[in-house]
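Participant: One-letter residues, chain by chain:
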Amino acid sequence: MLGILVKKQLAEIFRNYLYDPKRNKARSLSSKIMMFVLFAFLMIVVIGGMFFSMALGMQVMIRLDYGWFYFIVMGFAALFLGVFGSVFSTYSTLYLAKDNDLLLSMPIPIQDLIASRLISVYLMGLMYSGIVCIPALIVYFLITPFTFLRILGGLVWMFVVSVLAFVLSCLLGYVVAQVSTRLKRKNIVTVIISVIFLAIYYVFYARAMDMMNILVKNVALYGQSIKDASYLIYLFGKMPEGFLGSMIGYLAVSLLLVYAIWHILSHSFLKIATMTKTTTKTNKNKTTFHQHSLFKALLLKEFGRFTSSANYMLNCGLNIFVMPIAGIALIIKSQEVMNVVKALSQNVEGGLVVMICAGICLLASMNDMAAPATSLEGKNIWIVQSLPIEASLLVKAKACMQYILTALPVCFLSLCVIFAFRLSLLSSLVVLIFPQLYCLFTALFAAWIGMMRANLQWTNELYPIKQSLSVTICLFGGWAVSALIGFFYIYVGHYLGMGVYLLLMAIILLVLSYVIVHYIDHHASERFMNMH
Amino acid sequence: MLQIKHLTKTYGNKIAVKDLSLHIKPGEIYGFIGHNGAGKTTTLRSVVGIQQFDQGEILIAGKNNQEDPLACKKVIAYIPDNPDLYEFMTGYKYLNFVADIYGVDSILRQENIQKYGDLFEITQDLGQPISTYSHGMKQKLAIIAAWMHNPQLIIMDEPFVGLDPKASHLLKGMMREVCEKNGAIFFSTHVLEVAEKLCDKIAIIKNGELIKQGTMEEVKGDESLEDVFLELEEE
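Line by line, the protein sequences are chains B and Z.
Per UniProt numbering, residue 1 is the first one in the first sequence, and the count goes up by one each step.
Per UniProt numbering, residue 1 is the first one in the second sequence, and the count goes up by one each step.
Certain hints may be false.
[As the list claims (entries may be wrong)] Each computed SDA-like pair below joins lysine to any residue, with the alpha-carbon atoms no more than 25 Å apart:
{"#": "1", "chain 1": "B", "residue 1": "284", "chain 2": "Z", "residue 2": "119"}
{"#": "2", "chain 1": "B", "residue 1": "379", "chain 2": "B", "residue 2": "393"}
{"#": "3", "chain 1": "Z", "residue 1": "14", "chain 2": "B", "residue 2": "457"}
{"#": "4", "chain 1": "B", "residue 1": "379", "chain 2": "Z", "residue 2": "25"}
{"#": "5", "chain 1": "B", "residue 1": "379", "chain 2": "Z", "residue 2": "70"}
{"#": "6", "chain 1": "B", "residue 1": "296", "chain 2": "Z", "residue 2": "54"}
{"#": "7", "chain 1": "B", "residue 1": "379", "chain 2": "B", "residue 2": "453"}
{"#": "8", "chain 1": "Z", "residue 1": "25", "chain 2": "B", "residue 2": "388"}
{"#": "9", "chain 1": "B", "residue 1": "379", "chain 2": "Z", "residue 2": "201"}
{"#": "10", "chain 1": "Z", "residue 1": "18", "chain 2": "Z", "residue 2": "54"}
{"#": "11", "chain 1": "Z", "residue 1": "166", "chain 2": "Z", "residue 2": "206"}
{"#": "12", "chain 1": "Z", "residue 1": "138", "chain 2": "B", "residue 2": "457"}
Calculated from the structure, these hints are not laboratory results.
Isolated chain B, as found in the complex (with noise of 0.2 Å):
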């Protein structure tokens, strides 16, 4: 019984590499291994890679009989990623699986439901985990002879992580459950924790060098304090180096761990996955009843699609969040940027003009919410399509709140734009209105390519969110045609001076979205009424 729900476990994490959801069939034997080849390469690869690099940097630690500190900040890394990596499929898999009701209801017994479910949350953690510990001990063994004790050391050192892993992660992905089911904005809350996660990475990111160099040239200093501090963790990182005493420890250590994770759930299982959800309840008030014109209405349509998935806010509107972003960064950076710009450009002023434009256009097409927006109507289209409503207005809606969704940050980066970087008037005007426009023809040309490649027959809104082609061709697209008005202004445009260049790509842009309209208009009462 355990065999086969620890199967249908991995089947269900891996079930992307087995089936196509595109197709609503099973991969074929070819596509199943080139899915697994290419995750293999992910993983092995480019994480692993990445982790390797990072063991190598640190490698001087080893040299200099720091090996312990080495595998502390080895070990630490391989904690997080294998915590942050596990912790979301196990609030899926372990807490809310949607498949509880059914296997509840079936004469399986609960406890192996739970090790079926906690074997797969410990092999997730495993992976990522072994993702960063295998590298440290290869690159450990690269500089320290083999020896029994270190080999065993290293073996017992790569499963307490993984147990240590597993251990957070249940304790996450528990908090994660808890708060998902009381919390009333939960789409927006996790498009604003998804944000700070991701700045918090990037901060890490840019940094992870210098810190690990200022960690390389004071290891002394640090390793020191680490073993006043805190005795415990330098235990944790002479288990490799073949500490007979951590071993045995952190081994009978995380034995109890696991043992009181078990004994925690065997109790606390039921009552976890029959909880209630709680949902948003909107009670009746003044404005319940108000009356709206036809645009309105299937604008605010559009809004309530938009803002009811974090899928679909996360892939198509992450820019909202991080133009402003970019425009405070700016204004704070902005003498660094203004050297690479003026560097870049040769007509200064002009020239900065133009890339400004071109870069916040680029980071403008970053955003294509009313690209997936028709394929998104999915099995809904029938609403709309016996409705008395115009097919034209309904593209419109769509492409309106793109804009409005998009100018708005676009206008807060331009005005910190000008603000950074001390732009005349006339400057300053054509900083405010190009990208405004740009922002107008881009939510008309994804309105209309999302109508002209509309896919209704999907399982899973991600497949229309991140994977249609329409997405595809606005992200893509949209910074090619960023690009290309900064490129065609260097070796083209700026013999004609940033005013009439810009003038010229604002006509050619409005030109654009008036064929677009003018398309909608004729084109869309028919495109509708043969969507299926």
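Take the given structure of chain B and dock chain Z to it, following the hints.
Facilitator: Coordinates of chain Z only, in the frame set by chain B:
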């Protein structure tokens, strides 16, 4: 109210509906019965204007639904066989969205929501997201949305599926009320007892072709509708 003239629809080589003609007058409840895959849903979707057809003409209140689809949609309401509603909206938001589309003023929409919400005992759930609704609750919400703008013609595909007995009874009363106000109902069903008791006229479709239509007496005579239907199916 509704005239279907020589409707033909094919899917590739398969004929879904063949030369179907019907005339539904104001004040009539018109039942549409047939086996699974007979062409009922295709016909209903063609009438509503959410499906293109190959030949024929459909007139709603005298207007061609292909030439003037918006004018036709303004006077009709449609309830599909599976009420897939916007799950990201609450019941209130969905009803208000539909009311906005039909331009129903605040007072009338409030009255209708209150009236039908209370009738179907769903008022206290209207503030909840539709994603939390059961099939029956979604069906009730779809019915309230359909009645929101006092339509002249209501098209329903299997409207009684998922409804509890009380809600089914209420719906039958509401259908009769629409007809008393000179409106019309065109609906498909597999529940022959309901059709027999409720419908003024009935049409039986088999393999895309209309095999019998008329008043209940004309179609079934002294037999039960079930017997007539089964006999016709076996022919």
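Participant: Now tell me if each hint is right for this structure.
Facilitator: Hint check results:
1. 284(B) <-> 119(Z): holds, 18 Å
2. 379(B) <-> 393(B): holds, 20 Å
3. 14(Z) <-> 457(B): Answer holds: residue 14(Z) to residue 457(B) is near 22 Å, not above 25 Å.
4. 379(B) <-> 25(Z): Given pair residue 379(B), residue 25(Z) is violated - Cα atoms ~32 Å apart, limit 25 Å.
5. 379(B) <-> 70(Z): holds, 21 Å
6. 296(B) <-> 54(Z): With Cα atoms ~35 Å apart, residue 296(B) and residue 54(Z) exceed 25 Å; violated.
7. 379(B) <-> 453(B): Cα-Cα ~16 Å, so holds.
8. 25(Z) <-> 388(B): The given pair, whose Cα atoms are some 22 Å apart, holds under the 25 Å limit.
9. 379(B) <-> 201(Z): The hint is violated at about 32 Å.
10. 18(Z) <-> 54(Z): holds, 10 Å
11. 166(Z) <-> 206(Z): violated, 31 Å
12. 138(Z) <-> 457(B): holds, 22 Å
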